[in-house]
Amino acid sequence: MNPEPLALAAPEDAIVSPRAQAREARVRRMVEAHFDALWRFMRRLGVETMDVDDVMQQVLEIAAARLADIAASSERSFLFSTAFRVASEQRRRRQSRREVGDAALTRTEDPTPEPDALTEQARARAMLDQVLASMPTELRAVFTLYEIEEMTMAEIAELLGLPSGTVASRLRRAREQFEAHVDRLQAQMRRKQVLP
Amino acid sequence: MTEPVRFIGSKGLKAELLASAKADRAPEGSRRRALVAAAAAVAASTKAATATATLGTLARVAAWKWFAMGAVGLGTVVAAKAVIAPRATTVEVSTAPSAGPKAPHAKRRVASPIRPRAFDAIPADPALPLPVSPPPEPAANESAIAPVPPAAKPEPPAIKPPTPAVAARATAEPAPARAAGPSTSGSRLAAEITAIDQMKSALAGGNAADALRRVDAYRAAFPTGTLAAEATALRVEALARAGRRDEARAELARLRAGHPESPLLENLGQIVGE
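First to last, the sequence lines map onto chains D and Z. For the first sequence, numbering that gives the first Met the number 0 assigns the number 0 to the initial residue and increments by one for each residue that follows. For the second sequence, numbering that gives the first Met the number 0 assigns the number 0 to the initial residue and increments by one for each residue that follows.
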């Protein structure tokens, strides 16, 4: 049924190859440049480790499909705003599914035993995620980009396509909530140590 | 804007928690998987955009992808195969209407169960035959992108007349089985991307009316679609092209209100003549 043999064709044989090659090179550059920050961003937005690949892939598919419309200067912005949307949606879906009850899923997250130092860090991260989980996603996004990725408020405004006033107020509220929550945790920890 | 002093620069538990996140790294292989997925996504969207593609071309694209991925050292050959092998058969299935229906269906049956989970979201090309064949009826398009549950019969293997409608139903068949799985979002997204691509080709081909019909079909099929904002942006452009400026502006205003993501809004103001 193949009218032509499916040989391992040289690139010049494929009609779309130069274009595909350029597109692929561009997406690859985008991934290389922003992968780590995107990955952390998704994780701190509450996407679980085992889901990050899927979410990342969806983001890249959207980027690939819209490549021609993405200006070179707004690649990062496009990736982060898309990641924010896809991650928020994924989380909503997951949460509605979780109500059925699969706590086991969260328990499998870190199956390998780690050295002490790492465990310490993993514990800190778990605590951080617990604090972040109490925040609305909009606050969480602005907060993590500012505090963890150390972006400026102007960068965040551009990245998420928000007015700068919105970024400022979200950041302020997020920082207040974060501070209050961590202070509460700290007080609890102290109480436990003093009164064992 | 005055920037508050970051907690991460201070001392104590707040800084410690935030520092732990800064040190967070993607697990081994995650970046490579992303690169492979990116390559596959580009190949898929390139294909969708190549309106005049023939079966031969598609097969060669698939073969070339295989070659290219090995050549650039994106990953092991095994990894490339895992992505490309299912895709190559999907390509054959998609073009079945023009190329003889029997063998590809058998192949698809074999291929789909082994599709690796991480790549579930690769477009299953449910509507790929559309750009390949002459301009389709909107109705055929809708049935192709909607995750329609099939008639209850268990895949009669050898009686498919090569019509797009049947091809669409056959392609949509795995949907019920995946209904609860994580791949649902992936295949839905693939269908959404295809729909968006078709709107763009219609616009690029100067057929604003067709683009508008496709936006309507998309909205009917995906009321809460992931790419709803993209569809709205394309609708703004299509309305403007159709000379319906006021409607275009109104639609743009809605887009700005609901989705202030700058990348989509970039050129639209100019397009509607603001």
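Hints in this document: simulated from the structure, not taken from any laboratory. Hints are supplied without guarantee of correctness; some may be wrong.
Said to hold, decoys possible - Here's a subset of chain D near chain Z, in silico, CB distances under 7 Å, partners left out:
#, residue
1, Glu-47
2, Asp-52
3, Gln-57
4, Arg-75
5, Met-134
6, Pro-135
7, Thr-136
8, Met-150
All C-beta atoms in this analysis are idealised placements derived from N, C-alpha and C, irrespective of residue type, glycine included.
Verification of the supplied hints:
1. Restraint check, Glu-47/D versus chain Z: the minimum CB separation of about 11 Å is more than 7 Å; hint violated.
2. Contact between Asp-52/D and chain Z, as hinted, is supported at the beta carbon level, the nearest pair being about 5 Å apart and thus within 7 Å.
3. Below 7 Å, beta-carbon pairs count as interface contacts, and Gln-57/D has one with chain Z at about 6 Å; its hint therefore holds.
4. Look at Arg-75/D: its Cβ only gets to about 10 Å from chain Z, farther than 7 Å, so that hint breaks.
5. For Met-134/D, the shortest C-beta to C-beta distance to chain Z is roughly 13 Å, which exceeds 7 Å, and the interface hint is violated.
6. Violation of the interface hint for Pro-135/D is found here, the shortest Cβ-Cβ separation to chain Z being roughly 17 Å, above the 7 Å cut-off.
7. Restraint check, Thr-136/D versus chain Z: the minimum CB separation of about 15 Å is more than 7 Å; hint violated.
8. Annotation: interface hint on Met-150/D violated; nearest CB of chain Z at approximately 10 Å, more than 7 Å.
When held up to the earlier numbered hints, the structure conflicts with 1, 4, 5, 6, 7, 8 and fits the remainder.
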